[in-house]
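Just so we're aligned, residue 1 is where the sequence shown starts under full-length UniProt numbering, counting upward by one.
Hints may contain errors.
Computed spacing ranges between beta-carbons, pair by pair [unchecked claim]:
#1 E83 to S134: 33 to 41 Å
#2 R66 to R19: 55 to 63 Å
#3 S59 to L251: 29 to 37 Å
#4 G367 to R19: 30 to 38 Å
#5 R378 to R13: 23 to 31 Å
#6 A262 to R378: 26 to 34 Å
If you're looking for bench data, these hints aren't it; they were derived computationally from the structure.
Just so you know, even glycine gets a beta-carbon here, dropped at the ideal spot from N, CA and C.
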Amino acid sequence: MSAFGRALTLELRHLRHDRWDLIGLFVVPGILLALMAGMLWQGTMHKLPLAIVDSDGTSASRTMVRALDASPMIRIEGSYPSEIDAVRAMRSGKAMALVHLPPGLGEGLARDREPVVRILYNASFLSTGRQISSAAEAAMQTAAVQILADELANHTLLSSRTRRLAVEATAVGNASGSYEWFLGLLIYPSVLHLVAACATAMALGRELRDGSLGDWARSTGGIASALAGKMLPYVTVVSLWGVAWMLWLTLARGWRFEGSIALVAFAQVLLYAATAAISALLIAITRVTAATLSASIVYAGSALAYSGATLPLNGGSIFARVWSNVLPLPHYLDLQMGQVTDRTITMAGAIIPTTALAAYLVIAGGGAVALIAVVARRL
1 MSAFGRALTL ELRHLRHDRW DLIGLFVVPG ILLALMAGML WQGTMHKLPL
51 AIVDSDGTSA SRTMVRALDA SPMIRIEGSY PSEIDAVRAM RSGKAMALVH
101 LPPGLGEGLA RDREPVVRIL YNASFLSTGR QISSAAEAAM QTAAVQILAD
151 ELANHTLLSS RTRRLAVEAT AVGNASGSYE WFLGLLIYPS VLHLVAACAT
201 AMALGRELRD GSLGDWARST GGIASALAGK MLPYVTVVSL WGVAWMLWLT
251 LARGWRFEGS IALVAFAQVL LYAATAAISA LLIAITRVTA ATLSASIVYA
301 GSALAYSGAT LPLNGGSIFA RVWSNVLPLP HYLDLQMGQV TDRTITMAGA
351 IIPTTALAAY LVIAGGGAVA LIAVVARRL
């Protein structure tokens, strides 16, 4: 039997008898992905609490309040006599934003004045605050047309100024404004990337004898082949979890890739194989499993933050830009998000990230094999 076959057989035998490794490989990723699916199920935010300060107290302000309450993103938390009281509710966490309806709201619209409706939101929750602020503005702009029609005598034709009340919002690169599609595509490879890093580090770390992989290397008969056989079950299982998540998003939830889902699945295999190679290199360098696990958590756990997908790297520090280029996950996300949208749906657009992922596999894997071989020759 070849070195690859022997290593693969031994690893499968170990997994068959080690329930904790089986749980870490088959159960933990499933739980994490299920939790993520549950958190993103609704797709967008719903029923965010909003405080109302009604200084008008007329039918016009009541129309505004009804329009706000009808918005699926808004839940009227309560009515307050002043902005000071409403701000206190925001700071206590009862409300995410407040709307102040000024006196003379309906009359001001009818007389071609511009009554100022104040929307204040909690900047500590910037994304949520902006969402509820946009929803409140859209609801009130719609209600303003009805208020103006009610205020004008004999329901005459609306003045041309009402055209200024139109609101148009367009989400770019985030289909239907859904967090499920956008965040689901970003978070799942990050979670599986970390799982792969830890699982492969533990797998090779078990072979450490007296702080060295020399005995394991001598017994395999071929370091590179044995390393590939040992890592194959982990790369395969984690890749299948990734494919299962993509099928969940596309077949079960109805989203679709503009480009090639097969290309994305292949890039996932490269990502997790590169992760296994990096784990092998870290084990060969540190010769301590705990140290490798700590390093894996640092580089794999921070990868999404430095990918440029959620927080832009333009204008960032040199360290942030360099660290982003060093990590494998940003290269995978560049390919994946290009296939999700229509930015790089051709094979030519995927060459650079695919080559980068392959380079991690060759350089990190080759470095691990070289270091283990040096140790083996010294024995």
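Broken hints, numbered, in rising order?
-> 1, 3 and 6
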